[in-house]
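Chain by chain, the residues run as shown.
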Amino acid sequence: MSARRIPTGGLIDRSRTVPFTFDGKAYTGFAGDTLAAALLANGITLIGRSFKYHRPRGVFTAGVDEPNALVTVFKDGVREPNIPATQIELYEGLVAESQNRFPSLDYDISALNQLAGPLFGAGFYYKTFMGPVVGPLKGTRFWMFCEHFIRRAAGLGRAGYDKDPARYERMNAFCDVLVVGAGPAGLMAAEAAAKAGKRVILAEQEPRAGGAANWSGETIGGKPAALWAEAAAERLAAMDNVRLLTRTAVWGYYDGNNLAALERVGDHLAAAPKGAPRHRHWSIRAEKVVLATGSFERPIVFPGNDRPGVMLAGAAERYANQFGVLPGEKIAIFTNNDGAYRAAAALKKAGGAVVAILDVRPEISAAARALAEEAGVVPLLGHAVAGTAGKRLAKVLIQRFDAATGRLSGDVRPVEADCLAVSGGWSPAIHLASQAGRNPAWDDRLNAFLPPQPTQEWTGAGAFTGAMSTAEALSSGRDAGLIAAGKKASRAKLPEVAAPPLEAGPAPVFEIKAEGKAFVDLQNDVTADDVRLAHREGFVSVEHLKRYTTLGMATDQGKTSNVPGLAIMAGARGLAIPEVGTTRFRPPFSPVSIGSLAAEKHGHFKPDRLTPMHDWHVERGARMMEVGLWHRPMVYGEAGETVEQTYIREAATVRASVGIVDVSTLGKIAVKGPDAAEFLDRVYTNMFSTLAVGKARYGLMLREDGIALDDGTTWRLGEHDFLMTTTTANAGKVMQHLEYYLDVVWPDLKVHLASVTDQWAGAAVAGPNARKVLEACVTETAVDNEALPFMGIVHGGIAGAPVMICRLSFSGELAYEVYCGAGHGTHVWEALMEAGEAFGITPYGMEALGTLRIEKGHVTGAEIDGRTTARDLYLDWMLSKKKPFIGSALMDREGLIDTNRIRLVGVVSLDGRPLGGGAHIVEKGSLEELGESIGHITAFCYSPALSKYIGLALVKGGKARHGTRAFVSDALRKRFGPVEIVSHHFFDPEGSRMHG
Amino acid sequence: MVERVSPLGEAFRPGTYGNLAEGPGVTLTEATPAAIAEASAFPGSTEPLLAAIETVTGLSLPATPGAGAVGDGAAVFAIGPGRYLVSGAEGLSASLQAAVALDIGTVTDLSHGRAALRIAGPRAEWVLAKLFALDFSPAAFPVGEGRATAHHDVFAHIQRTGGDQFDIYVFRSFARAFWQELCAAAEETGYEVG
Chain G
1 MSARRIPTGG
11 LIDRSRTVPF
21 TFDGKAYTGF
31 AGDTLAAALL
41 ANGITLIGRS
51 FKYHRPRGVF
61 TAGVDEPNAL
71 VTVFKDGVRE
81 PNIPATQIEL
91 YEGLVAESQN
101 RFPSLDYDIS
111 ALNQLAGPLF
121 GAGFYYKTFM
131 GPVVGPLKGT
141 RFWMFCEHFI
151 RRAAGLGRAG
161 YDKDPARYER
171 MNAFCDVLVV
181 GAGPAGLMAA
191 EAAAKAGKRV
201 ILAEQEPRAG
211 GAANWSGETI
221 GGKPAALWAE
231 AAAERLAAMD
241 NVRLLTRTAV
251 WGYYDGNNLA
261 ALERVGDHLA
271 AAPKGAPRHR
281 HWSIRAEKVV
291 LATGSFERPI
301 VFPGNDRPGV
311 MLAGAAERYA
321 NQFGVLPGEK
331 IAIFTNNDGA
341 YRAAAALKKA
351 GGAVVAILDV
361 RPEISAAARA
371 LAEEAGVVPL
381 LGHAVAGTAG
391 KRLAKVLIQR
401 FDAATGRLSG
411 DVRPVEADCL
421 AVSGGWSPAI
431 HLASQAGRNP
441 AWDDRLNAFL
451 PPQPTQEWTG
461 AGAFTGAMST
471 AEALSSGRDA
481 GLIAAGKKAS
491 RAKLPEVAAP
501 PLEAGPAPVF
511 EIKAEGKAFV
521 DLQNDVTADD
531 VRLAHREGFV
541 SVEHLKRYTT
551 LGMATDQGKT
561 SNVPGLAIMA
571 GARGLAIPEV
581 GTTRFRPPFS
591 PVSIGSLAAE
601 KHGHFKPDRL
611 TPMHDWHVER
621 GARMMEVGLW
631 HRPMVYGEAG
641 ETVEQTYIRE
651 AATVRASVGI
661 VDVSTLGKIA
671 VKGPDAAEFL
681 DRVYTNMFST
691 LAVGKARYGL
701 MLREDGIALD
711 DGTTWRLGEH
721 DFLMTTTTAN
731 AGKVMQHLEY
741 YLDVVWPDLK
751 VHLASVTDQW
761 AGAAVAGPNA
771 RKVLEACVTE
781 TAVDNEALPF
791 MGIVHGGIAG
801 APVMICRLSF
811 SGELAYEVYC
821 GAGHGTHVWE
831 ALMEAGEAFG
841 ITPYGMEALG
851 TLRIEKGHVT
861 GAEIDGRTTA
871 RDLYLDWMLS
881 KKKPFIGSAL
891 MDREGLIDTN
901 RIRLVGVVSL
911 DGRPLGGGAH
921 IVEKGSLEEL
931 GESIGHITAF
941 CYSPALSKYI
951 GLALVKGGKA
961 RHGTRAFVSD
971 ALRKRFGPVE
981 IVSHHFFDPE
991 GSRMHG
Chain A
1001 MVERVSPLGE
1011 AFRPGTYGNL
1021 AEGPGVTLTE
1031 ATPAAIAEAS
1041 AFPGSTEPLL
1051 AAIETVTGLS
1061 LPATPGAGAV
1071 GDGAAVFAIG
1081 PGRYLVSGAE
1091 GLSASLQAAV
1101 ALDIGTVTDL
1111 SHGRAALRIA
1121 GPRAEWVLAK
1131 LFALDFSPAA
1141 FPVGEGRATA
1151 HHDVFAHIQR
1161 TGGDQFDIYV
1171 FRSFARAFWQ
1181 ELCAAAEETG
1191 YEVG
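Chains as they are written, first to last, in this note's numbering: chain G, 1 to 996; chain A, 1001 to 1194.
Worth flagging that the hints you see were computed from the coordinates, not collected in a lab.
Hints may be right or wrong, so weigh each one.
Stated by the list, open to error - Okay, the calculated bits of chain G under chain A, using three or more residues with CB under 8 Å as the criterion:
| id | segment |
| --- | --- |
| 1 | 18-24 |
| 2 | 170-178 |
| 3 | 268-275 |
| 4 | 822-830 |
As the list claims (entries may be wrong) - According to the in silico footprint, chain A covers these stretches of chain G (three or more CB under 8 Å from chain A):
| id | segment |
| --- | --- |
| 5 | 608-619 |
| 6 | 668-677 |
| 7 | 748-758 |
Stated by the list, open to error - Label-pair distances were calculated between CB atoms; the ranges are:
| id | chain 1 | residue 1 | chain 2 | residue 2 | range |
| --- | --- | --- | --- | --- | --- |
| 8 | A | Q1180 | G | G160 | 44 to 52 Å |
| 9 | A | G1009 | G | D23 | 36 to 44 Å |
| 10 | G | F790 | A | G1073 | 42 to 50 Å |
| 11 | G | T781 | A | A1021 | 37 to 45 Å |
| 12 | A | P1122 | G | P884 | 53 to 61 Å |
The beta carbon of each residue, even a glycine, is placed where N, CA and C say it ideally should be.
Whole structure, please, built from the sequences with the hints as guidance.
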């Protein structure tokens, strides 16, 4: 055994044993363990294989910075790869597997990769798989061919294909002060702001508040620091104006002090409570932010620094103090600073044997010396680790080292050790600050980047600012909280901290140069030599270095590797570190589930928009179709009917007797006010001020550039009261267009717009018997030709409900649109159905509606497609010459009046086969030899009135081609055949039926 | 008089749902008033429009953004500069129309065009915060005030009509979809439909 659980101590609950499995084997841990802690407690130190070389890897850290111990978690039938074992809280029944190994973790065949050692350096693949200059694999094609195989060999965990059944939610939060990080500094800041009466959110990524207090071994206010933190968190949680969010990582700092956070609500539970999300995405809008995000320990780069058993000193200390786990029996310490001495003493106290402390410095502080004494070992000053041995760490190779020259000297001596705790100094966690600040500043004392000047409303506290002691954390935390609350810093007494007076600054030693692979980025298998190779090949900018070597990429985003990588590049270039620069940190700080970003939109991308008669259509067996957000009946099929048979029957019934269609989806805009008529004259191409009250008129709108925008009828209900209808698809666009003109261009016009689309249910009753149907059910008004002429409007009642009826026709038949309050829609519809029963009335859907309008040559969005003009559609008769209107200035541009533009025509299939929407019209050619397109089909149907397949098309020259032949050419659907080009007015071109 | 049919249809199912470990955290009901109208003032005429609204509803409110008032059988709140959503008893739109002179502003009846969904209970703010990027705390959103916002494609006009009660006015055609969204959001806290 190497790593093991110690009999007492830690913040775990030893009364609650938690069973779990790793790589199929059953183990147990305790409540409060992470998976990493529980594995170490079970003596498992080999946890994964590395990205490129498949080298054995263990646990390197104890937190969110973990680069090595990535596992796949199986939960609710879903596999989730690449989760750091240090971030997985143990729960009963947890199932995890190691990754990137075959056939097993212990014996991985691809580990042979590392024998080819130097071959696989940075840029190897790009250079090696560059194809020949000529031939089928020239250029990058060879790479693309090889890439598939390479990707399989490299990489991390495998993603699953199953649908994620978990629930994700979004939460919008507002607060006066957001404190990020609930270590001693964050706790003090939150309490100070809360006591000042501010609304506070305190977010902590770990399951428990306290940060380093949970493992520092220090005391605060006479209590063990962890207990002090626990009490502080409890006080905060009890305050009404504080929201304490644990398991919540703030990962993005956006403009307007809007921060994004991920709360892992259910990951630590075997089963989520009903309705609870797995993850909650928090969008937090904070007046002020206090960043108390602490710092990350850095490794020192040396050969063999990736062997299982090598870990950060702070992590080793944390495993001992927080989890009651010794990461090894024989522990060696390697450091360039005082901090590791505290770890040495803690590990000794936990029952481990500290076999050596190697310090690159020639001198150390008295406090460090005292801690070494506690650890029972005399530190070897001026020494370094030159290498390691063992599949799992067995030996540490040590040598004399001169920190001034960076040179090793003397004999290599092996020291037996199964754990090597390394510390290369501490870097403030400035990620969020970097997203909301200028460039970070290099600090020569800490050999680290300090937070930049803010560009948003934040202040910092604690180790984040470079103030590494707990006493400084308490005072800077309280001050930051007070300042964020608009108060002055306080001089009141703070809780006493009992801690060894260690020096925070490390010696500027980042790398020990010796024989063997020395890793800078453990997650991406980037070595110190890779960084130097990048330098030799000209990738000297940090941005290029990152992209060439992948240093700092993937799930850990280089939390342990950024500064060492930079230092090695600086060394290669002969520059100081700040002269080389730093990569700025982008969101996210730590991995974010895509599900949490989709939240409630997951699996449901848009709301269903239903007409008032929706349930009636569904009960009647209508096949519904989605038109934008709307659901509309496509056909009301009867048993055994195809869609085509159904719409032909429906359309034929309309022409022969009467049909009814739901037109509630038409956009409806109330246009009101003393200047309403004037406004309509300006937005429509034709006149509306001349329209009599109680009459409707067909109108056309153009865009500013002279292209057709939309069409529809507008009804004058009163002198200053119009009801505009738009096409279903363009309702929103037209509303925006009109509002823009009223707000920006003509604010002097006294006109108001209101969307009343949903106010009215609309039913169009069409067919030669339509009037008879109305006569049978309409009360309080006559509907004969005199009372209700073409384009007339009357008010009356149907079955007790008030209705407004306008006689207008889209189908070309005698037709009426019956409008009533939406809540009365089904009632009136049913009354119309009943009145129509004697005439064999049929409800008809979108297909029949389309068929009837194609037969009449009426245009819709398929023809008003954003490219056509009024002339293209033969609607130039609607362009008033008496007044200007939107689009009139540009509609006569040369390009828009060219006679060879594609213009509206009808086409008839001459081979008795259907046409297809979007199919090209050609003058000659075949399926094999595509001819030159002279236009395309916009809509098609089988016409029951003509007993032919017909369509509308936009064809070059338009009318000039009437009576000529061409071909429909549809390579996609393999359709080629003769058509005749005719007038788009196929049926009743004189309009005698609708005027009758 | 013909009954106005609710847009919720069978999606409205009285009962308790979701996580009831701590009892239903919210109650969801349909609270569409008999009449809903939008009253809008022309620029510079907000004060006379508000006077007309007060004459009809008895509710007075300042001409400030988000202002609103709730009374017995009537409610009003701002949904834009000079624009107000007024709800009340049958005949409201006609009364308003008569009270608002032609050069002051306009009145549009929306009694059938909007549906009001009510959420009430101790977790109402929490559930609504899932759907809207608004601060629902009483300090930021006092009783009577209103907000015009949207949940993705669904426009929503929200009025706080009680200490822990909000009325959400949505376009009628979206009412069922939004109701279902609201129910789903309330599963975590448990909800009662009634």
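A quick look at each hint next to the structure:
no.	hint	in the structure
1	18-24	violated (count 0)
2	170-178	holds (count 5)
3	268-275	holds (count 3)
4	822-830	holds (count 6)
5	608-619	holds (count 7)
6	668-677	holds (count 4)
7	748-758	holds (count 7)
8	A:Q1180 - G:G160: 44 to 52 Å	29 Å, violated
9	A:G1009 - G:D23: 36 to 44 Å	52 Å, violated
10	G:F790 - A:G1073: 42 to 50 Å	44 Å, holds
11	G:T781 - A:A1021: 37 to 45 Å	59 Å, violated
12	A:P1122 - G:P884: 53 to 61 Å	60 Å, holds
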